[in-house]
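Heads up: the protein sequence lines correspond to chains A and B, in order. The numbering used here applies: residue 36 is where the first sequence begins, and numbers increase by one. The numbering used here applies: residue 55 is where the second sequence begins, and numbers increase by one.
Accuracy of the hints is not assured; some may be wrong.
[Unchecked claim] No farther apart than 20 angstroms at their CA atoms in a straight line, the calculated lysine to aspartate or glutamate pairs in the EDC-like style are these:
{"no.": "1", "chain 1": "B", "residue 1": "173", "chain 2": "A", "residue 2": "473"}
{"no.": "2", "chain 1": "A", "residue 1": "665", "chain 2": "A", "residue 2": "708"}
{"no.": "3", "chain 1": "A", "residue 1": "997", "chain 2": "A", "residue 2": "1072"}
{"no.": "4", "chain 1": "A", "residue 1": "1310", "chain 2": "B", "residue 2": "157"}
{"no.": "5", "chain 1": "B", "residue 1": "127", "chain 2": "A", "residue 2": "1251"}
{"no.": "6", "chain 1": "B", "residue 1": "80", "chain 2": "A", "residue 2": "708"}
{"no.": "7", "chain 1": "A", "residue 1": "713", "chain 2": "A", "residue 2": "685"}
{"no.": "8", "chain 1": "A", "residue 1": "365", "chain 2": "A", "residue 2": "355"}
{"no.": "9", "chain 1": "A", "residue 1": "1330", "chain 2": "B", "residue 2": "178"}
{"no.": "10", "chain 1": "A", "residue 1": "1472", "chain 2": "A", "residue 2": "1352"}
{"no.": "11", "chain 1": "B", "residue 1": "80", "chain 2": "A", "residue 2": "1269"}
{"no.": "12", "chain 1": "A", "residue 1": "687", "chain 2": "A", "residue 2": "653"}
{"no.": "13", "chain 1": "A", "residue 1": "490", "chain 2": "A", "residue 2": "813"}
{"no.": "14", "chain 1": "B", "residue 1": "127", "chain 2": "B", "residue 2": "66"}
{"no.": "15", "chain 1": "A", "residue 1": "1310", "chain 2": "B", "residue 2": "158"}
{"no.": "16", "chain 1": "A", "residue 1": "435", "chain 2": "A", "residue 2": "473"}
{"no.": "17", "chain 1": "B", "residue 1": "80", "chain 2": "B", "residue 2": "189"}
{"no.": "18", "chain 1": "A", "residue 1": "394", "chain 2": "A", "residue 2": "543"}
{"no.": "19", "chain 1": "A", "residue 1": "995", "chain 2": "A", "residue 2": "1076"}
{"no.": "20", "chain 1": "A", "residue 1": "456", "chain 2": "A", "residue 2": "482"}
{"no.": "21", "chain 1": "A", "residue 1": "541", "chain 2": "A", "residue 2": "792"}
{"no.": "22", "chain 1": "B", "residue 1": "173", "chain 2": "A", "residue 2": "1293"}
{"no.": "23", "chain 1": "A", "residue 1": "950", "chain 2": "A", "residue 2": "897"}
{"no.": "24", "chain 1": "A", "residue 1": "935", "chain 2": "A", "residue 2": "859"}
{"no.": "25", "chain 1": "A", "residue 1": "315", "chain 2": "A", "residue 2": "368"}
{"no.": "26", "chain 1": "A", "residue 1": "917", "chain 2": "A", "residue 2": "937"}
{"no.": "27", "chain 1": "A", "residue 1": "1310", "chain 2": "B", "residue 2": "160"}
[As the list claims (entries may be wrong)] Computed list of chain A residues with no C-beta within reach of chain B, every gap over 12 angstroms:
{"no.": "28", "residue": "308"}
{"no.": "29", "residue": "838"}
{"no.": "30", "residue": "1326"}
[What the hints assert, rightly or not] Just some of the chain A residues that point at chain B, by a computed CB distance under 10 angstroms:
{"no.": "31", "residue": "791"}
{"no.": "32", "residue": "1246"}
{"no.": "33", "residue": "1264"}
{"no.": "34", "residue": "1294"}
No wet-lab data here; the hints were simulated from the structure. Ideal Cβ positions, reconstructed from N, Cα and C, are used throughout, including at glycine.
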Amino acid sequence: MGRRNRTTRSGKTSGTRHAKVKAAAKDLSSARFPIVGIGASAGGLEAYTHLLQHLPRDTGMGFVLVQHLDPQHKSALTNLLRRVASMPVREVTNNTRVERNHIYVIPPNVNMTIAAGVLKLSARQPATGVHRSIDLFLESLAEDQHERAIGVILSGSATDGTLGLEAIKAEGGITFAQDDSAKWDSMPRSAVGAGCVDFVLSPKMIARELKEIAQHPYVAGAGEEDDAEFHSDAERETNAEESSAAHGKPGWPLVGAEQARPAAPGRGVETGVGQENSFKKIILLLRNHSAVDFSFYKPSTIRRRVTRRMILSKSKTLSEYAAFLKGNAKELDALYSDVLINVTSFFRNADAFDVLRQKVFPKILARASRDEPVRVWVLGCSTGQEAYSIAMAYVEVSEKFPRTPKLQVFATDLNDGLLDKARHGLYAKSLAADIPPERLRRFFVEEQGGYRISKSLREMVVFARQNMISDPPFSRMDLISCRNLLIYLEPSVQRRSLPIFHYALKPEGFLFLGSSESVGPHANLFEVVDKKHKIFAKKPAPTPSINLPVVKFGNPRNERKETLSALAGAVPEVFRREPNAQHEADRVMVNHYAPPGVLVNDALEILQFRGSTRAYLEPPTGKASFNVLKMAREGLMLPLRAALNKAKRENKRVRKDNLKVAQNGNTRVINIEIIPLKNLKERHFLILFLEPSRTGHEEAPAAESGNGNRHSVISKKEESAALAAMERELAETRDYVQSIQEQYEASTEELQASNEEVQSANEELQSVNEELETSKEELESTNEELLTVNDEVANRNADLSRLNGDLANLHINLNMPILLLGRDLIIRRFTPEAEKLFNLMATDVGRPLSGIRHNLDFENLERLITESIDSVSMQQREVRDKEGHWYLLRVRPYMTMDNKIDGAVVVLWDIDPLKRSEQAAKESRDYAEATIRTARDSLVVLRSDLRVNSANDAFYKTFKVKPDQVQGRFIYELGNGPWNNPRLRKLLEDILPRNTFFNDFEVVHEFPAIGRRTMLVSARRLDNEASAPAFILMAIEDVTERLASRLALRHSETRYRRLFEAAQDGVVLVDAATRKITDANPFIEQFLGYTHEEIMGKELWEIGLHKDRETSRVALRDLEKSGDARYEALAIQTKKGQDREVEIVSSLYTENDHSVIQCNVRDITRRREADTALREAQRRLANQAAELEQLVAERTGELTEANTQLETFVYTIAHDLRAPLRAMEGFVAMLVEEAQTTLSDTARNYAGRISRAARFMDALLVDLLAFSRVSQERKELVLVNLEALVQTVLGRLEKEIQERNASIEVVGPFPAVRGHEQTLGQVLFNLISNGLKFVGPNTRPQLRIRAESISRPPPGKKSSGAEEEWVRVWVEDNGIGIAPEYHGQVFRVFNRLHGENYPGTGIGLAIVQKGIERMGGRVGMDSVAGRGSQFWFELRKA
Amino acid sequence: MNDRQTILMVDDSDNDLDLMRIAFAKAGFNNPLQAVHNGEEAIAYLKGEGGYCDRKQHPLPAVILLDLNMPRKSGFDVLAWIRAEPGLQRISIIILTASLRMEDVERTHGLGANAFLVKPATLEQLTLTIRRLKDWLEVNHFPPHNEVVNRH
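Based on the provided sequences and hints, a complete structural model is requested.
This is the structure in structure tokens:
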């Protein structure tokens, strides 16, 4: 079944655009000629050249060349082709119109398309990976020119052009591909592989073929056609649904069109009638060949294809073609395929698939049960892309659902060739352009020839041949996809198809049509799901009978055509409703054989008359009524009512016999039967009017007529009885026949339904069977292939094992470590020598090198190898193994036979001996050089002629000369001739001839740069390499300094000796090894009383410096360990037996390679005695101090005790003594008050005195208490805000200040001080209140309080440097003042200077002094009698 | 404080007690006065023991004037005892003693005294002091429990 998908076109083509295109086509009638699109890539120039060389100048065609060109460079192609082509060659510019007999060449770096015969250029998108410029052009050419498009693919690599040719073929154009003459054949091969190429030829032959096509009458005449002639009215009609596409689509003049244009003479185009016959004949031939009746197809479609075949087969007329076709199975196949050709692709019209994904599959999945597969039928599946696309979409959607029923896709088509392709599921690489990479990865497997559908996806789809028109449909489908198939069919067939789909779908199944298709008149069967993308859902309406074609079993395929023709006749019947025979039968039966009656409802209204009731009922007069009682004839009404009532009441049959009914004056006897109808919503009654049995009926008149002929009566009676019996029998038989008839009809109906189902099932089975057979064939052929391959493999294996053997032997004999690695550094092979070096075992083959711990002392082996592979270059390094053996490591990339890099070869050359000898040579050279360079002595090498060959650094340094002052000079001429000494000359000149040498020849010389020096010269023969003349090596040693230091040493030794001998400490030197005394100074000899000789050679213990030998040994060993030792206060005895105390300090030092112990011995006897005396004195002093302290503590305790007692005493006095005073004062006051009138003045005076005395005493006690408190309490000193305190105190004295009208001047600022707030408050209170109190009579007190910061040394220390910050506060008054002689007394307790005029206790200033002293400060005053006083106190600044 | 509430004076000096009564009268302080002479008696009074069991005669005081320096139990003892006695928490205790020692002020406040007064040297000053005390008690607010306790 042919199917063309042109959704891309019709989807976006609007009516206006059609109109425009059409108008353009009309204006430019010259555009009606074939346009040949020729695509090529690599190797294209040669192919073009051949092709164009052989093309005549007047083909009448236009040629457009699409070549892959370097985007960077201007193309020379146009110029090159101009030389070979007989036609004009132009490079295309935008909007170039293609003309006949011209060649157009694409410019570089653009995309070219064609629209309405005009070439359009557009900028190429950057970074597009694959060149698809040929596809792009050919596709647009197919779309624009349809069957007038001709595509040619010439030499080139990759697959560009394949899709373009497919498009051209699908549009009915003609396609060519270059044969194996192509230099690069993958492009043409890809096109041939895709099956869309009509001719595979060499360029030359292509040219020839093109020429012939150009001469074909339909082609040659095409250009003259006017648009109107392409599409006759008749054709337009048939194309009604295709019109949108057909309008924009000029084509060849169609053969066989009903109103064929008059035959052009000489062109062999036949007349209309002849054409029609030939066309029918072709259809018939096709039908016989393929069992498909193409008369259901739109003739225009078929004709276009036939024309194409005619052109290809070079048939000039239809009849010629028909004759050619007859019996030509190959051509029939070709035509059949062509008719059914299509263009399809994966996810064509992707939007529609989105709708499937979003709207359709979720619904199907939501209602699907787990066990049953989701069933999809894809009609016109062609090469399977659509079916696979739907399967992919389903898989993608279903993954998001919790349960995913299996998918079963039935994909059907008429074309076996296409089905085969679909089954293989192998698609050209070019599909990668349509499918996103992740989908590609997921559903496809990349193979040599392209991409193959993955197995899991393939298994979901069953491909089968099925003719929608003639074969039974599948059933119970969830989704039917029938896209762009219906448009090719006759409208009547289209209409017929939809009920079939309706039948085949499950309830609420979906139908997926092409974008220009619709459900047409069957809107009652399908509702729209997505209007734009033509997705419909089955409505629950009953399926109109689809009248499935009956298929005879056995040989279904061959029989189909019969059913097909049967079907053709039945088509108009399809949509007529079946007449309801049963109802009709019932109606007839009731009318004829049932007793007459009426059906009434509960209200006795007649609902239905059955049979003739004329005899029993009549329309009532008056108001029209259907009430049965009103309509009853005379005599019937009463019994009828009674019977109805009874029936109503009892709800069962009621029968009344022998009722007399008047009719037209006659009386008839009838029976009535009332039957209540049950099981209905309302109550109904069936009233039957029964004629009494014929006998009964006859009887009555007979009876009425009196006795007649008895015999005749009897015989008549018998006769009528027989008649009645026969009639009854007849009636029974009729009933029986009736029932049998009904049963039969029912079973026929059932059968029909089952048949339909069976046919659907059968179809499915056949499809599956077919699929299986195909698979089996495939398997067999695969098996065959495998056998062949196996043989091949066996042969190869033999070769391989021989090669392997060779290789193994080679490896063993190479006797060097070799390692073969794969690309990812997998070990492939290694030699036995490599085993040891790389720690390899046979099982390591196949493991990565990185996992091996090799023995080479070389970290970056892997990196080196990778580097070698990546850079395709040899890398080498000298490396050592862990044992220090040297190898040359050489890494080369491993080249396969076809020059690919597939790993690396690692070879190790044993270079150890080489390396070692090289090293030895280098070492000895280095050694010699280093020796000469580092020698401290100056060395000069002289040639045999006594000229300087070379000198070492020491020489240049010693003599402060430069190499050019020395080298090559004669030895005697160096400097100012130090070596020009006759004796030295003699010695030097003798060396070579006599083979002598000399040492330490002394030269004393005044050198210009370094002054006077003493040199020792030695010289000897220096043998060079064998052949060369010998050298003299002259060594010069500067001994000037050595001589000088030797002298200095001698001097220092003398000094040391004097010191040693004059020292007032004893010094003894002992050899550490022998422990014998080697030297002693005179002091120790004298001190110990030994002579020098006695001491020398003795050990230390022998002269009493150690107690005994053992002690000495231990002491000396300790000394050797620690380096020095000290013994304080060691008691020894002199030789004369005197006791001495010494201090010995020993130290170890090295002198001339052996250890010497030096012991310094000091006599500390006297010092020890003085020490003892001092310690005794100190002890005594300490004792006395302790005693004193004890005494002080005791005294302090006593004092504290006394103090406490005193305090308690004072407190008690203050506290307890005040009580009697209060009583005295209080009661005297009461006495005076009580005895107010009776008391004499004298008595009142006495009472006043008592009272005043008591009050004074109380004041005294209060002050005393305050003083005691100030002197007793210990206060912690804190920061006191003096300023605030002054204000507080002034506040407390507010009353006095007012009373005395005093003026107080407070001069701030007052720095904060360290003190005790309460005590300081008391101090200020006393000072200020004194100032207020002690003023002269009639004097207004004036006080000034101020503060100053001073620096003074801390109290108690006499002018030690550090001074402290203090604050001095002044309280100055204008009072009576104090005479200087009393200044010392004012601060004493109870010291009052003033008499009764100035009452006071004399304690206030004492409190001031005590308080300030307790705070660590001091007080003072400055006063002159009568001139006021200035009191001050000092406290530490806080 | 109303004028029916009792004031208890604790002082070992009869002179001082008499002078205080005089001062109370002079100050127009008409509340009933009760006096005891030492700490033990004060505690007995508050407990309602011995001669003090009749609360009609010896009602619980609202205010106590407490001397510190007393024989047997001192003012400190009485103060500490009262403040440990749950039923007597709301009685206002005013220390009235002969001499001012800061450590005494510190200590009595620590034990929960409400005020610390020094006995003035003269009757005139004493009267002034009592008048001030009266004023202070009048303007002060006391917790309700204090009132309840004192109504017994």
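Q. Are all C-beta atoms of chain B more than 12 angstroms from that of residue 1326 of chain A?
A. holds, 18 angstroms
Quiz item: Under the criterion that the straight-line Cα-Cα distance not exceed 20 angstroms, is the pair residue 435 of chain A, residue 473 of chain A satisfied?
Solution: The given pair, whose Cα atoms are some 17 angstroms apart, holds under the 20 angstroms limit.
Item to check | Restraint check for residue 917 of chain A with residue 937 of chain A, where alpha carbons must lie at most 20 angstroms apart | outcome: Distance ~30 angstroms between residue 917 of chain A and residue 937 of chain A Cα, so the pair is violated.
Hey, residue 456 of chain A versus residue 482 of chain A, does the alpha-carbon distance stay inside 20 angstroms? holds, 15 angstroms
Take a quick look at whether residue 997 of chain A and residue 1072 of chain A sit within 20 angstroms of each other, Cα to Cα.
holds, 19 angstroms
### Query
Holds or violated: is the Cβ of residue 1264 of chain A closer than 10 angstroms to a Cβ in chain B?
holds, 5 angstroms
Margin query: Check whether the Cα positions of residue 1472 of chain A and residue 1352 of chain A lie no farther apart than 20 angstroms.
Written below: Satisfied, since the Cα-Cα distance of roughly 14 angstroms is no more than 20 angstroms.
request  = Would you check whether the claim that residue 838 of chain A is not at the interface survives, using Cβ distances to chain B and the 12 angstroms cut-off?
outcome  = holds, 114 angstroms
Holds or violated: are the alpha carbons of residue 935 of chain A and residue 859 of chain A at most 20 angstroms from each other?
holds, 14 angstroms
**Q.** Interface restraint verdict for residue 1294 of chain A against chain B (beta-carbon cut-off 10 angstroms)
**A.** Hint holds; residue 1294 of chain A Cβ to chain B Cβ min 8 angstroms, cut 10 angstroms.
- request: May I ask you to test the interface hint for residue 1246 of chain A with respect to chain B, counting a Cβ-Cβ separation under 10 angstroms as satisfied?
  value: holds, 7 angstroms
Legend entry - Distance restraint between residue 127 of chain B and residue 1251 of chain A, which requires alpha-carbon spacing of 20 angstroms or less: holds, 17 angstroms
In this structure, the hints that do not hold are numbers 1, 6, 12, 23, 26, 31, in rising order.
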